[in-house]
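Enquirer: Residue strings, one per chain:
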Amino acid sequence: MLTCKQFLQELNGYIEKTLDPQELAELHRHVSECPNCFVVCDTTEKTLRVFKGMDCSPVPKSIQARLLAAIEKRMKEKGGCGCSGSSAAQH
Amino acid sequence: MSTTTVSPAFDETALVARAKAGDQTAFNELVQHYDRRVFRMAKQITENDDDAEDVLQETFLKAYTHLDDFQGNSKFYTWLVRIAVNEALMKLRKRRSDKTVPLDEPIDTGEDEVVREIAVWDQNPEDVYSRDELARILDQAVKSLKTAYRTVFILRDIEEMSIEETAETLGLSISAVKSRLLRARLQLREKLTRQFKKKGDDAFAYL
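As you go down the protein sequences, you meet chains W and R in turn. Take 1 as the starting number for the first sequence in our numbering and just add one per residue. Take 1 as the starting number for the second sequence in our numbering and just add one per residue.
In case anyone wonders, no lab produced these hints; they're calculated from the structure. It should be emphasised that the depicted structure is a prediction, and the values quoted were computed from it without experimental measurement. Just so it is clear, CB atoms sit at the ideal spot from N, CA and C, and this is done for glycine as well. Possibly wrong hints are sitting among the right ones.
Claimed, not checked - Label pairs and their computed distance ranges (CB to CB): (1) W:K78 with R:E126: 41 to 47 angstroms; (2) W:K78 with R:V120: 27 to 33 angstroms; (3) R:A14 with W:A70: 47 to 53 angstroms; (4) W:M1 with R:T13: 46 to 52 angstroms; (5) R:D68 with W:T18: 32 to 38 angstroms; (6) W:D42 with R:K146: 34 to 40 angstroms; (7) R:A14 with W:P58: 31 to 37 angstroms; (8) W:Q22 with R:V120: 25 to 31 angstroms; (9) W:S32 with R:D68: 51 to 57 angstroms; (10) W:K73 with R:R116: 48 to 54 angstroms; (11) R:R194 with W:A70: 39 to 45 angstroms; (12) W:A70 with R:R116: 43 to 49 angstroms; (13) R:R95 with W:I15: 17 to 23 angstroms.
To be verified - 27 angstroms max Cα-Cα, derived DSSO-like pairs, lysine-lysine: (14) W:K73 with R:K62; (15) R:K191 with W:K46; (16) R:K178 with R:K146; (17) R:K43 with W:K61; (18) W:K17 with R:K43; (19) R:K197 with W:K5; (20) R:K94 with R:K143; (21) R:K43 with W:K52; (22) R:K178 with R:K143.
Start from the sequences and build out the full structure, keeping to the hints where you can.
Expert: Structural data, given as structure tokens:
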């Protein structure tokens with residue numbers, strides 16, 4: 001029987017199902033019988049889910065305008081059309 | 001110059017090929033597709049809006065200047081993230097020039113995880129908080145992590161890079177990434193549980 005500490009050390013592998021089936025089964029047995037580890041596992045999964053669903057706000061207009069202006073300037077410095085010609089065929 | 005609408009037909013590979021061939025419009029399309037993610041990551045790492053703007057600019061300027069060096073072995077965005085992370089960490093090091101380099105700090109190995117807060121969450125946070133409130137809570141939680149944990153979490157769980165890409169980007173071993181990621185996730189879980197737990201559940205210690 002795994003200890004809670006052993007379960008926690010393998011938590012990522014358990015959540016991401018990257019361990020072999022035997023290990024997963026052993027971890028699953030532990031989490032089914034241990035209410036504390038069940039809650040830790042559940043809230044860790046919820047933590048990851050809430051971050052994955054996080055909105056990414058647009059860059060403020062003023063900052064984006066300065067960014068595009070800086071790029072425009074670099075393009076002009078790089079030489080008119082901004083192209084390096086031969087590179088396109090590399091990949 | 002709308003950044004809110006992302007064309008469903010966005011084709012990164014084609015845009016990169018056109019940009020490499022000198023099509024400035026294609027490069028600008030890439031910028032406007034990815035700038036918000038680069039900016040968010042820069043803010044999360046540097047914890048400072050001015051530094052984040054510098055990082056944003058430097059990232060795209062470097063990407064433009066070195067576009068020929070991009071060989072297409074990874075996704076363009078992964079390449080961009082690598083540039084951005086390095087720029088952001090440089091900013092951080094400059095600001096903390098009198099301190100140790102964050103990524104070289106002695107780090108807990110992850111073998112002594114301590115879980116203090118065990119409580120079920122009330123409802124889905126998405127149903128309880130407004131988007132802005134939730135974004136602020138998550139942002140605060142990420143920023144409260146040590147840099148070494150924060151960078152790993154951002155790359156792996158927010159930018160969705162693989163363990164290997166995260167290790168390569170940060171110059172860490174796979175096992176270091178794994179142990180830091182575990183630490184980061186457990187610390188964030190703990191911070192968010194304090195915020196989201198069902199009222200009446202007491203925190204108690206175990207392990």
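Enquirer: It remains to establish, for every hint, whether it holds in the given structure.
Expert: So, going through the hints one by one against the coordinates:
Taking 41 to 47 angstroms as the suggested C-beta distance range, the pair K78 of chain W and E126 of chain R conforms, at roughly 44 angstroms. Distance hint for K78 of chain W and V120 of chain R: a CB-CB separation of about 56 angstroms, inconsistent with the stated range 27 to 33 angstroms. Between A14 of chain R and A70 of chain W the CB atoms are about 25 angstroms apart, so this pair departs from the stated range of 47 to 53 angstroms. Between M1 of chain W and T13 of chain R the beta carbon distance is about 50 angstroms. The supplied range of 46 to 52 angstroms therefore holds.
At about 36 angstroms, the beta-carbon gap between D68 of chain R and T18 of chain W stays in the expected band of 32 to 38 angstroms. Taking the beta carbon of each, D42 of chain W and K146 of chain R are about 25 angstroms apart, not inside 34 to 40 angstroms as hinted. With their beta carbons about 24 angstroms apart, A14 of chain R and P58 of chain W fall outside the hinted range of 31 to 37 angstroms. The given range of 25 to 31 angstroms is respected by Q22 of chain W and V120 of chain R, whose C-beta atoms sit roughly 29 angstroms from each other.
At about 55 angstroms, the CB distance of S32 of chain W to D68 of chain R agrees with the hint of 51 to 57 angstroms. Restraint check, K73 of chain W to R116 of chain R: a C-beta distance of roughly 52 angstroms satisfies the suggested window 48 to 54 angstroms. In this structure, R194 of chain R and A70 of chain W meet the distance hint of 39 to 45 angstroms, their C-beta atoms being roughly 41 angstroms apart. Separated by about 46 angstroms at the C-beta atoms, A70 of chain W and R116 of chain R satisfy the suggested range of 43 to 49 angstroms.
The hinted window of 17 to 23 angstroms between R95 of chain R and I15 of chain W is violated, with their beta carbons roughly 34 angstroms apart. With a C-alpha separation of about 13 angstroms, the suggested pair K73 of chain W and K62 of chain R falls inside the 27 angstroms cut-off, and the hint holds. Taking the CA atoms of K191 of chain R and K46 of chain W, the gap is about 13 angstroms. The hint holds against a cut of 27 angstroms. A hinted pair counts as satisfied when its Cα atoms are at most 27 angstroms apart, and K178 of chain R with K146 of chain R qualifies at roughly 16 angstroms.
Of the pairs offered as hints, the one joining K43 of chain R and K61 of chain W holds, with about 16 angstroms between alpha carbons and a cut-off of 27 angstroms not exceeded. The hinted pair formed by K17 of chain W and K43 of chain R fails the criterion: a straight-line CA distance of about 31 angstroms is larger than 27 angstroms. At most 27 angstroms may separate the alpha-carbon atoms for a hinted pair to count; K197 of chain R and K5 of chain W meet this at roughly 23 angstroms. About 18 angstroms separates the Cα atoms of K94 of chain R and K143 of chain R, which keeps this hinted pair within 27 angstroms; it holds.
For a cut-off of 27 angstroms, the pair hint linking K43 of chain R to K52 of chain W stands: about 17 angstroms separates their Cα positions. Restraint check: the Cα-Cα separation between K178 of chain R and K143 of chain R comes to about 20 angstroms, which is no more than 27 angstroms; the hinted pair holds.
Figure legend: structure checked against the earlier numbered hints; hints not met, in rising order: 2, 3, 6, 7, 13, 18.
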